[in-house]
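J.: Given the sequences, and given the hints that come with them, work out the whole structure.
Here the protein sequences line up with chains G and B, keeping their order. Going by UniProt numbering, the first sequence runs without a break in its numbering and finishes at 316. Going by UniProt numbering, the second sequence runs without a break in its numbering and finishes at 316.
Computed, partial: chain B to chain G, Cβ under 7 Å: (1) Ile75; (2) Thr140; (3) His141; (4) Ala151; (5) Gly152.
Worth flagging that the hints you see were computed from the coordinates, not collected in a lab. Computed from a prediction, not measured in an experiment: that's the story for all the values here. Ideal placement from N, C-alpha and C gives every residue a C-beta, glycine not left out.
2 protein chains.
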Amino acid sequence: MNAIGVDVGGTKIAAGVVTPEGKVLNEVRYPSSGPTERLLSSIARAINDVKDGYEVGGACLAVPGNILATENRVIFSPNLHTIEGVDLEQEMRRRTGFDITVENDANAAAWGEFRFGAGARYDHLVFVTLGTGVGGGVITHGVLMRGAQGAGGELGHMTIQATGPRCGCGNRGCLEALASGTAIQRRAREVAAEEPNSALGRLAIERRVLGEDVTRLAEEGDEAALSVLEEAGLWLGIGLAGFVNIFNPEVVAVGGGVSRAGELILDATRREVHLRARSPARDLVKIQPATLGPESGVLGAAALARDESGEYVLGT
Amino acid sequence: MNAIGVDVGGTKIAAGVVTPEGKVLNEVRYPSSGPTERLLSSIARAINDVKDGYEVGGACLAVPGNILATENRVIFSPNLHTIEGVDLEQEMRRRTGFDITVENDANAAAWGEFRFGAGARYDHLVFVTLGTGVGGGVITHGVLMRGAQGAGGELGHMTIQATGPRCGCGNRGCLEALASGTAIQRRAREVAAEEPNSALGRLAIERRVLGEDVTRLAEEGDEAALSVLEEAGLWLGIGLAGFVNIFNPEVVAVGGGVSRAGELILDATRREVHLRARSPARDLVKIQPATLGPESGVLGAAALARDESGEYVLGT
Chain G
1 MNAIGVDVGG TKIAAGVVTP EGKVLNEVRY PSSGPTERLL SSIARAINDV KDGYEVGGAC
61 LAVPGNILAT ENRVIFSPNL HTIEGVDLEQ EMRRRTGFDI TVENDANAAA WGEFRFGAGA
121 RYDHLVFVTL GTGVGGGVIT HGVLMRGAQG AGGELGHMTI QATGPRCGCG NRGCLEALAS
181 GTAIQRRARE VAAEEPNSAL GRLAIERRVL GEDVTRLAEE GDEAALSVLE EAGLWLGIGL
241 AGFVNIFNPE VVAVGGGVSR AGELILDATR REVHLRARSP ARDLVKIQPA TLGPESGVLG
301 AAALARDESG EYVLGT
Chain B
1 MNAIGVDVGG TKIAAGVVTP EGKVLNEVRY PSSGPTERLL SSIARAINDV KDGYEVGGAC
61 LAVPGNILAT ENRVIFSPNL HTIEGVDLEQ EMRRRTGFDI TVENDANAAA WGEFRFGAGA
121 RYDHLVFVTL GTGVGGGVIT HGVLMRGAQG AGGELGHMTI QATGPRCGCG NRGCLEALAS
181 GTAIQRRARE VAAEEPNSAL GRLAIERRVL GEDVTRLAEE GDEAALSVLE EAGLWLGIGL
241 AGFVNIFNPE VVAVGGGVSR AGELILDATR REVHLRARSP ARDLVKIQPA TLGPESGVLG
301 AAALARDESG EYVLGT
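T.: Structure below.
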């Protein structure tokens, strides 16, 4: 049976009708801005519009922030405050007739990679998404690791340098504070100031340096830009080494916008994982790019809607 | 059915016949020293002697170090090198007639706490053992998190201060390098040198300061000793906050010799977890002492021997 996956982001809502094999049959996108009532209407409209003419067996909402899955409720969402505290299951049932479930967006994307992407042939997957922040999701023994309240898998806020730079969450030295797109931008501006004659330094005099500038200049061979990405890759490796020791996964898949820098980051990451993780786990694990791109949320949410209903055996 | 749990330590082997309810009916202890052949004979003798007169349905060996559970083999064991590489299942079958399984000692202890101790009423438990090193085990959704090779749950070698002190594993700033008994002793000697007029400082002039000295002096109110334990508690809290964000557990149980310092360490730990972990996970979790003491390995291994055979439903 087909299922609907809805990826509720800070700026847009993407909803798709997805087959059991992970093919998207129909997709709609709407903006996610506005107050709570308008947001809920937009999500409901996305569900109602996308299912039009398709037989579907369930729907799951992938939402950003800390969720209380047991109550299908978002506790805290820095990029989508209007969704906080709403009883999403009840609101969606009323507006669409569907019994939806709610999952953290990174957990849903992890499940997408597990079912259809980088982890499709494995039982143990760690998924890390590098964007403005750092999110993650873990599948261990074929089970999505949600924890007691569905709030598990918050990989971005593991401390890797207790005295390190301030994180958006208020603490210091979280993985997110050192390897996110935001961290790369901050570090790029520092390095630009230290090396004004580099391509990175010259650009910074003209205008504000963005993450994609760093990747482009690094691809063009600018040493300063390369060093920024390598440093982020090294911090990422310190974090991933911890996950390798903790989860003993077959694959660590790295997704999100920053991962477009690819080997310019992952090369240093692999070196650091090899240095810091322990045998036999470090010898087994493959550190590789996620393969589904921005569709992972819709695909994973749809798969969760199905797998939760018990129609599918995990890992098939 | 009763089962045998064997805790193979660096200095001694403890084997027990354990009931399904976690009662130890019979127990033997032998030294674990000597070359490989003698060690294997001692383990086999412990199994054969302890089962004498009891009906038992299975046996599990809890062993220190990095294991390849899929092959019932220890890869690397810093405190018991002679066990490395041995096919324990085959050796024990030949010597005892038993089909044994092999589990990492901290994972087995975690399972003991999960079945009979601090985690008995929960589905999500993180167990951390503070001794010479720092070990750990995780039960998530009622499943012992072994990972792909059975090497999972290595919580002590998560980096929490990348530029921190050297760890026994060769890296820097692992949780073990900052919150283990070894770390406390090292820090106690540094603080003793800085504060020669404290009780800790005066003792250090007389003789080598041990971990238990620090606890005793702290209990007597010595500020220097108290500060050493508080600092270790703070580092432990930084590590546990990461685990709370990652696993969203109901309980984090802290065991091992160092945990005898109790609230002198855990007070600072709880404060730091509250500061660094995220809601709702941090509001749910209880950070508390493990309850089984040194018996957790034997109890957990015996329970694993049973639970693996499918006789028991997890969490009952």
